[in-house]
Amino acid sequence: MTDAITASGLVKRYGDVVALAGVDLSVPSGTVLGLLGPNGAGKTTVVRILSTLLRPDRGSATVAGVDVLADPREVRRRIGLSGQYAAVDEYLTGFENLQMIGRLYHLGRPRARERARELLAAFRLEDAADRPARTYSGGMRRRLDLAGALVANPPVLFLDEPTTGLDPRSRIEMWEVIQNLVKAGTTLLLTTQYLEEADVLADTIVVIDHGRVIARGTADELKAQVGGERLEVTVSDGDRLADAVDVLAPVAAGEASTEPHRRAMTLPVVGGASALVDALRRLDAAGIEVDDVGLRRPTLDDVFLTLTGRPAEDADDQEVA
Amino acid sequence: MRVPSVLADADVVARRNITKIKRVPDLLVFTTLQPIMFVLLFSYVFGGAIGSALGSGSGAGEAYREFLMAGIFAQTVIFGATITGSALAEDVKKGIIDRFRSLPMAPSAVLAGRTLSDVVNNVIVLVVMSLTGLAVGWRIRSGFVDAVIGYVVLLAFAYAVSWIMAWVGMLVRSPEVFNNASFIVIFPLTFIAITFVPLDTLPAPLQRFAEWNPVSSVTQAAREQFGNVIPGTPEPAAWPLQNPVLYTLLWAVVILAVFIPLANLQYRRSTSR
Numbered sequence: 243m244t245d246a247i248t249a250s251g252l253v254k255r256y257g258d259v260v261a262l263a264g265v266d267l268s269v270p271s272g273t274v275l276g277l278l279g280p281n282g283a284g285k286t287t288v289v290r291i292l293s294t295l296l297r298p299d300r301g302s303a304t305v306a307g308v309d310v311l312a313d314p315r316e317v318r319r320r321i322g323l324s325g326q327y328a329a330v331d332e333y334l335t336g337f338e339n340l341q342m343i344g345r346l347y348h349l350g351r352p353r354a355r356e357r358a359r360e361l362l363a364a365f366r367l368e369d370a371a372d373r374p375a376r377t378y379s380g381g382m383r384r385r386l387d388l389a390g391a392l393v394a395n396p397p398v399l400f401l402d403e404p405t406t407g408l409d410p411r412s413r414i415e416m417w418e419v420i421q422n423l424v425k426a427g428t429t430l431l432l433t434t435q436y437l438e439e440a441d442v443l444a445d446t447i448v449v450i451d452h453g454r455v456i457a458r459g460t461a462d463e464l465k466a467q468v469g470g471e472r473l474e475v476t477v478s479d480g481d482r483l484a485d486a487v488d489v490l491a492p493v494a495a496g497e498a499s500t501e502p503h504r505r506a507m508t509l510p511v512v513g514g515a516s517a518l519v520d521a522l523r524r525l526d527a528a529g530i531e532v533d534d535v536g537l538r539r540p541t542l543d544d545v546f547l548t549l550t551g552r553p554a555e556d557a558d559d560q561e562v563a
Numbered sequence: 129m130r131v132p133s134v135l136a137d138a139d140v141v142a143r144r145n146i147t148k149i150k151r152v153p154d155l156l157v158f159t160t161l162q163p164i165m166f167v168l169l170f171s172y173v174f175g176g177a178i179g180s181a182l183g184s185g186s187g188a189g190e191a192y193r194e195f196l197m198a199g200i201f202a203q204t205v206i207f208g209a210t211i212t213g214s215a216l217a218e219d220v221k222k223g224i225i226d227r228f229r230s231l232p233m234a235p236s237a238v239l240a241g242r243t244l245s246d247v248v249n250n251v252i253v254l255v256v257m258s259l260t261g262l263a264v265g266w267r268i269r270s271g272f273v274d275a276v277i278g279y280v281v282l283l284a285f286a287y288a289v290s291w292i293m294a295w296v297g298m299l300v301r302s303p304e305v306f307n308n309a310s311f312i313v314i315f316p317l318t319f320i321a322i323t324f325v326p327l328d329t330l331p332a333p334l335q336r337f338a339e340w341n342p343v344s345s346v347t348q349a350a351r352e353q354f355g356n357v358i359p360g361t362p363e364p365a366a367w368p369l370q371n372p373v374l375y376t377l378l379w380a381v382v383i384l385a386v387f388i389p390l391a392n393l394q395y396r397r398s399t400s401r
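Going down the list, the sequences are from chains A and B.
Going by my numbering, the first residue of the first sequence is number 243, and it counts up by one from there.
Going by my numbering, the first residue of the second sequence is number 129, and it counts up by one from there.
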């Protein structure tokens, strides 16, 4: 599989502030890369460089096989960009916004009109097509902005925090839209500070912090770095907690920890659901009643905490350009 | 980049801007209401006092209104040109410029389209102002061709000023900051000139400034082309006011030569944050 996006050694400074300190990336065609990091990590700077809005101080990049620095204009023909804020013209209608973008992609007037209608239908904006965009809800604006990025059917798409500021329902709608695009074969680079979003949408995740890549891999690989699955058991009778630890010792892949005041224990396991079934059989055989039992996988929050020593939401740095 | 493609892209951008004039008429209403207010206040409040200074004796107020209109035209189109800057600052802030910059369009088309649509805006404003002038007794006393040249000089100068505003607007990236800053510069420029008062009523140092101020020359050009020079007014001593059309157009050319490249450079650098 060829890489639709490559970047190597990207460096960008603003005075003394180092926004990017040497970032390498590659995104195979037809896959989704989630660029995950807190505010100020440099996610937006990466997107701006790859989408030709910003020149790096050092490093090189290609998008859809075209050198970003040598031929930015050719890159622009092959990409779609949707930013953090919906960059739609508030005074134009949804239709006019998309038609304008189509004409600036030089689709020609009839094709630009046709494409605008197609996208409005695909993004469930038909009813609002002839209303000025300032009357749209936040979710509708984002959909219109994303539609704008898709006018020319670009093979490579950049979405910079596509759901920041959306309510949960609009966020899930947006995820569905993005998942459908990816099914159609678009290569996507997505930035997000929501771990859940990267988990749902991305094939590969690159975690960046302070302008450096601190981890990369699939969501499962990253979670495995933190440790495997954990079995959480809450027993009905607190006096039998110690018994439960003994009974489950053969199932455990490591040291169990207990929280007596919650009558709960956590033990690392391997084998997922079969370990869960095995554990339940053993507890039943020993006559230990349980209130609750569950298999918990580490979340990307755990990953972030492990990698950076702080939760993702705690970063208070200001995003640099 | 092929020229037809730049023009086609600029046309798309200009149409977008003109749509905004239609959808938000308040903007146009306020850019015209202010000069209308100036016409009325100046003619009826200062008309008597300044009109006598024009030395026409009886009918001082009428003479002043005749004198005033060219100054109001000049001030109005210069203020109209500031729309270029505040609109671009707004577009930068809202990420619209980022969107344009990520498209395979001609980069120069965004600014070309913007400045062109602001000429359309100024044409509309000039029509409204001319009608207001007619209502208070102002008349074009020259020929048709002279009058057309007068309007063209006003629009050409404003077009050049638009490019200064384009550069500043993208530099400050905030419409509020831009509006305050441009007001502070443009107000003195349009007042220390022969827009509202005759040159010889100014203190000597300000007279020198006013003689070379292109706002004076554009005003003088309009005044002459519309045939509104009050009879008996002494011939201006300074070269710019003796050759106002030439001097104004020279300014316009120099401004365009400097600020078109500067503004385009700034456009390629500008990002929303």
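Careful: at least some of the hints might be erroneous.
Covered stretches of chain A, as calculated for chain B (at least 3 residues, CB under 8 Å) [unchecked claim]:
id, segment
1, 285-297
2, 333-339
3, 346-355
These are calculated hints, taken from the structure and not from any lab test.
Treat the numbers as computed from the prediction; the structure is a model and nothing was measured.
Glycine included, each C-beta is placed from N, C-alpha and C at the ideal position.
Worksheet item: Which hints, by number, does the structure contradict?
Response: Hints that this structure does not satisfy do not exist here, as all of them hold.
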